[in-house]
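Protein chains: 2
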Amino acid sequence: MSDPRYEAMWEKLNLDIPAHDALLGVLGQFYGDIYMSQKGRLQGMEYLDFVLSEVHGLRIQELQEAKSKGHKIIGTFCVFVPEELTLAANAVHIGLCSGADAGTEQAETLLPRNTCALIKSFVGFKMARICPFTESCDMVVGETTCDGKKKAYETFGEMVNMHVMELPQTKSDAARALFRSEVLRYKEKLEALTGNTITVEKLRAAISTVNNKRKALQRLDALRSADPSPISGRDALLIHQVAFYDDPVRFTASINALCDQMETRVKKQEGVTAKGTPRILLSGCPMAVPNWKLPYITESSGAVIVGEESCIGTRNIRNLTDEKTEDMDGLIDALVDRYMEIDCACFTPNTERMGHVVSMAKELKADGVLHYGLMFCQPYASEAIRLEKVLRKEEIPMLAIETDYSMEDMEQLKTRVEAFVEMIR
Amino acid sequence: MSDPRYEAMWEKLNLDIPAHDALLGVLGQFYGDIYMSQKGRLQGMEYLDFVLSEVHGLRIQELQEAKSKGHKIIGTFCVFVPEELTLAANAVHIGLCSGADAGTEQAETLLPRNTCALIKSFVGFKMARICPFTESCDMVVGETTCDGKKKAYETFGEMVNMHVMELPQTKSDAARALFRSEVLRYKEKLEALTGNTITVEKLRAAISTVNNKRKALQRLDALRSADPSPISGRDALLIHQVAFYDDPVRFTASINALCDQMETRVKKQEGVTAKGTPRILLSGCPMAVPNWKLPYITESSGAVIVGEESCIGTRNIRNLTDEKTEDMDGLIDALVDRYMEIDCACFTPNTERMGHVVSMAKELKADGVLHYGLMFCQPYASEAIRLEKVLRKEEIPMLAIETDYSMEDMEQLKTRVEAFVEMIR
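Chains A and B, in that order, give the protein sequences.
In terms of this note's numbering, the first sequence has 377 at position 365, counting the first letter as 1, and numbering is strictly consecutive.
In terms of this note's numbering, the second sequence has 227 at position 215, counting the first letter as 1, and numbering is strictly consecutive.
I should point out that these hints are in silico values taken from the structure, not numbers from a laboratory.
Heads up, a few of these hints could be off.
Intra- or inter-copy, both count: the list cannot distinguish identical chains.
Unchecked claim - Think about it this way: if two alpha-carbon atoms lie no more than 25 Å apart in a straight line, the pair counts; the simulated DMTMM-like pairs of lysine to aspartate or glutamate are:
id: 1; residue 1: K183; residue 2: D349
id: 2; residue 1: K183; residue 2: E200
id: 3; residue 1: K401; residue 2: E170
id: 4; residue 1: K401; residue 2: E117
id: 5; residue 1: K79; residue 2: E170
id: 6; residue 1: K183; residue 2: D345
id: 7; residue 1: K201; residue 2: D421
id: 8; residue 1: K405; residue 2: E120
id: 9; residue 1: K401; residue 2: E120
id: 10; residue 1: K405; residue 2: E170
id: 11; residue 1: K24; residue 2: E375
id: 12; residue 1: K183; residue 2: E170
id: 13; residue 1: K201; residue 2: D341
id: 14; residue 1: K183; residue 2: E203
id: 15; residue 1: K401; residue 2: D349
id: 16; residue 1: K214; residue 2: E203
id: 17; residue 1: K227; residue 2: D349
id: 18; residue 1: K81; residue 2: E66
id: 19; residue 1: K374; residue 2: E282
id: 20; residue 1: K401; residue 2: E364
id: 21; residue 1: K405; residue 2: E166
Required output: the full structure, derived from the provided sequences and hints.
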């Protein structure tokens, strides 16, 4: 909804004010329906509620204040862009993936119809001038993880100051060498943009900051192995989503405080649902704010989501960067090693992901896996077929869902998910 | 149709004989309708008619004879796999892309529904056991040019002896280094498979053989700038298709003989259609045998196709390899340079392709460009949008078609193409 406190700022960012007000209205209603309606939530979630209510307000104001102090704002779309380098250049690192069906018609004038909703959304948000994060960016960093994004950045690059990192498609030594050179190129680009030299000291501090954020999220996710689960899947997803645009130090402290509460709950065997509630592991494509459709349907069907095997989830936090080395070459190698471990479907083969899903399902005591594919995402659609076979051998049921950001298939999805929950109960 | 001369060979290759007979029946009927019905064809096309009529017969027999003499058969799907290295290892280099809607249902059990027809077709042909080329291969070489193929090779690799080359996605120095290492890895793989060392002498000879093939095809394509065109687009496409599986030396001689005839025709101002017939440049995705649907519709609508800006067309033959260097490192560099010049939509950016389409349209005096996209091919669908804008500035009309291998949209395509031909007349 419209907010007089921020209107002048939004106008300065050249947002389309009526369209942006409409978006905030929908977002507020969604959040009320999907989040505030939950019972037995953790107190610590109030911080997340506040962050989300101020996502286009206070957080954007903080970005403007950072800019006025000379900090640059870097927008990204992918867990492969090393946040550590951004922070070491005294810049702010923000995720720009969007999860709403707004601006899609405009995006479809520039992108093929058969493009996934996430890509249409970030291009559409820019064209419709409704994203204050995009409008705050001094540079936007893309990467060649899929055909859709790779080609969309050519178009997006005509609207923003764009830097595209080339990602390899295998994990060979030659592929690693390519990625290492791209990491160095990003470092140089950041130094040129910000005027700040990335020193060993700054980079080590940034690696520590980002490791701490990932450790807090690992701690949170591990606590979800308890039955009953101390937190809903919706709330956990929201935390993983907020991780992409909140201040990392503040965020880490809040998540650790939340984990303290969760530990108390687990000890008392308290949870958001009754013990024995069917437990589901989400796996597949990322769910960006406010793409809460499938988690909402799932948890309204009498199940609880206990993990997100996704870029907005474990794929982003599984691996830490070695902090031991003390020279720049060693730190860059540590970053390259860490990022090359990511089990993204952009790699061929990507067999380690199959193992990760199985071990997550076992550790989190999931009764079934819900595979989420964004329509037209070929890499994850391909792996869904492979994953189902792997899970069948382990006798773990899987349901593959393909959808976009529209609400047209809500009833159909409900029917399928309810039947799946009934089956695994 | 069934052919008693080859039945034993097909059985030995473990083909599904009834399904294969059915495929040959459809292929024969298609060829009759689309090719033999043409008037004013060049005499030299009889060679191509023969080659096509024997595509699963005599040519497969030649492959078996080659195998019995110790030569290996290498199957490929892409113009990025260096044929020069294959030939230098005394192996036979064959294209396996397929253009028919057979085996699709089987393929869809292993591949996402939203996969392009070309990929479904080569996987389906294998699963349905109807492709004697695939069954003759000692090794199949894939490449990471698009998400669909990259992930499909993981599945295909469970059915055949598979080698996947990693292609870079940009043309940076680091990307070139990656590709160079992949070229060397392919060379080593070939040497291990064949037991033959690729010497400087053999590689120079192979480069010359492949250059000569490409020169003959360049000569053919250049002659199509004449009005009236001395050859139909269907026949020219067939020649580009046959280039992928015929013996290269025999093929080159036949094409040069055909070009001699074409030159005589051009001098006499004779052609396959009247002077002033609307001229169309095809551009976009490859058309593998027997994917003649759109060329047939176009030339039945009163136009003549004067060029194929496609992998099965100029993208395969535009660039030659430097033959001057005399050491292995220099030859490898020459190959790498040649292949990295390819203007495939897998690269970002790929602006040189836009220039190529414009210059081809001008040189060939095309009245319009027909952009052919395989449904779900995101790279070429993205570039179609970009290309239309570039062509609009040049006042060259463009029609973008997206289709698959089914015949269900024939009437709809006819209506659209006829309207386009009427407009550019």
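_Unmet hints by their number, sorted upward, for this structure_ = Failing hints, ascending: 7, 11 and 15.
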